[in-house]
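In this text, residue positions in the sequence shown follow the UniProt record's numbering: the first is 1, and each later residue adds one.
Treat the hints as calculated values from the structure; they're not laboratory data. Treat the hints with care, as some may be off.
[Said to hold, decoys possible] Below, simulated DSBU-like cross-link-like pairs (lysine-lysine); rule was C-alpha separation at most 35 Å, straight line: (1) K159 <-> K17; (2) K60 <-> K76; (3) K176 <-> K187; (4) K122 <-> K189; (5) K187 <-> K122; (6) K122 <-> K161; (7) K173 <-> K186; (8) K189 <-> K176; (9) K161 <-> K176; (10) K6 <-> K159; (11) K186 <-> K176; (12) K76 <-> K17; (13) K122 <-> K186; (14) K189 <-> K173; (15) K6 <-> K68; (16) K92 <-> K122; (17) K76 <-> K92; (18) K92 <-> K6; (19) K159 <-> K176; (20) K159 <-> K173; (21) K173 <-> K122; (22) K17 <-> K6; (23) K60 <-> K122; (24) K122 <-> K17; (25) K173 <-> K187.
All values derive from a computational prediction rather than experimental measurement.
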Amino acid sequence: IQFFFKLVELLYWRDVKTSGVVFGASLSLLLSLTLCSIVSVSSYIGLALLSVTICFRIYKGILQAIQKSDEGHPFKLYLDQDVALSEGTVHKYSDCVLARFNTTVTELRRLFLVEDLVDSLKFAVLMWILTYVGALFNGLTLFILGLVGMFSCPIVYEKYKVQIDHYVGMASKQVKDIIATHTLLKKIKGTLKQHNVTP
Numbered sequence: 001i002q003f004f005f006k007l008v009e010l011l012y013w014r015d016v017k018t019s020g021v022v023f024g025a026s027l028s029l030l031l032s033l034t035l036c037s038i039v040s041v042s043s044y045i046g047l048a049l050l051s052v053t054i055c056f057r058i059y060k061g062i063l064q065a066i067q068k069s070d071e072g073h074p075f076k077l078y079l080d081q082d083v084a085l086s087e088g089t090v091h092k093y094s095d096c097v098l099a100r101f102n103t104t105v106t107e108l109r110r111l112f113l114v115e116d117l118v119d120s121l122k123f124a125v126l127m128w129i130l131t132y133v134g135a136l137f138n139g140l141t142l143f144i145l146g147l148v149g150m151f152s153c154p155i156v157y158e159k160y161k162v163q164i165d166h167y168v169g170m171a172s173k174q175v176k177d178i179i180a181t182h183t184l185l186k187k188i189k190g191t192l193k194q195h196n197v198t199p
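Take the sequences, apply the hints, and build the full model.
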């Protein structure tokens, strides 16, 4: 629950600096992956981080030698922090992942083995639509669009909530009216067929 609240705050830009850093870093990583392989991108990121930390370590060492101070290692605060995951945390998240995995496998089995014909047909239509989506976009492009959408849609909706709800309500009413008209026409045709009358 705490993770969910943090995610909501991140996507709604409650802390602009944190959201900006996460969004910028994620977008930069995905854009980098479109140009280079994941091995190259990981290596470049590692080299960049090492360059910064090594230079800072040498700089602080020289500064301490000149000032004859004994401040110790510049990253001591971070080196002393416990970064190991507790067994409870691992069990908690692994149980959650396992439960979702089992649910997904069960649902896929149900769809592929046609337990319910209508649901399997809907799934087939979805797969057919995704073939066209896949022809237009690759996986990374979809990830980039998803990331931009995640960080822009919530804040846009929060800002223009009244207008968006108004237009969504109008569209929903139009769809309901069309469905109601279609249902009425089917009932009329069914009634006319029962009485052997040609419409």
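Against the structure, the hints come out as follows:
Proposed proximity of K159 and K17 is supported: the alpha carbons are some 19 Å apart, at most 35 Å. Taking the CA atoms of K60 and K76, the gap is about 12 Å. The hint holds against a cut of 35 Å. Proposed proximity of K176 and K187 is supported: the alpha carbons are some 16 Å apart, at most 35 Å. For the given pair, K122 sits about 26 Å from K189 by alpha-carbon distance, which is consistent with the 35 Å threshold.
With a C-alpha separation of about 25 Å, the suggested pairing of K187 with K122 holds against the 35 Å cut-off. For the hint pairing K122 with K161, the CA-to-CA distance comes to about 31 Å; that is within 35 Å, so the pair holds. Among the hinted pairs, K173 with K186 is consistent with the structure: their alpha-carbon atoms are about 20 Å apart, no more than 35 Å. Our distance criterion of 35 Å between C-alpha atoms is met by K189 and K176, whose separation comes to about 20 Å.
In summary, the hint linking K161 to K176 is supported, as the alpha carbons are separated by about 22 Å, within the 35 Å threshold. Distance hint between K6 and K159 is fulfilled; the C-alpha atoms sit about 20 Å from each other, no more than 35 Å. With a C-alpha separation of about 15 Å, the suggested pair K186 and K176 falls inside the 35 Å cut-off, and the hint holds. Of the pairs offered as hints, the one joining K76 and K17 holds, with about 26 Å between alpha carbons and a cut-off of 35 Å not exceeded.
Between the alpha carbons of K122 and K186 the distance comes to roughly 22 Å, so the proposed pair stays at or under 35 Å and holds. Only pairs whose Cα atoms come within 35 Å are accepted, and K189 paired with K173 is accepted, the gap being roughly 24 Å. With a C-alpha separation of about 44 Å, the suggested pair K6 and K68 falls outside the 35 Å cut-off, and the hint is violated. Simply put, K92 and K122 have alpha-carbon atoms about 34 Å apart, close enough for the 35 Å limit, and the pair holds.
For the given pair, K76 sits about 30 Å from K92 by alpha-carbon distance, which is consistent with the 35 Å threshold. At roughly 18 Å between alpha-carbon atoms, K92 and K6 fall within 35 Å of each other, so this suggested pair holds. For the hint pairing K159 with K176, the CA-to-CA distance comes to about 27 Å; that is within 35 Å, so the pair holds. The hinted pair formed by K159 and K173 meets the criterion: a straight-line CA distance of about 23 Å does not exceed 35 Å.
Distance check on the hinted pair: K173 and K122 sit about 24 Å apart at the alpha-carbon level, within 35 Å; holds. Using a Cα cut-off of 35 Å, the hinted pair K17 and K6 holds, with the two alpha carbons roughly 14 Å apart. For the given pair, K60 sits about 63 Å from K122 by alpha-carbon distance, which is inconsistent with the 35 Å threshold. Of the supplied pair hints, the one linking K122 and K17 is violated, its CA atoms being roughly 42 Å apart against a limit of 35 Å.
In summary, the hint linking K173 to K187 is supported, as the alpha carbons are separated by about 21 Å, within the 35 Å threshold.
Checked against the numbered hints above, the structure breaks hints 15, 23, 24 and satisfies the rest.
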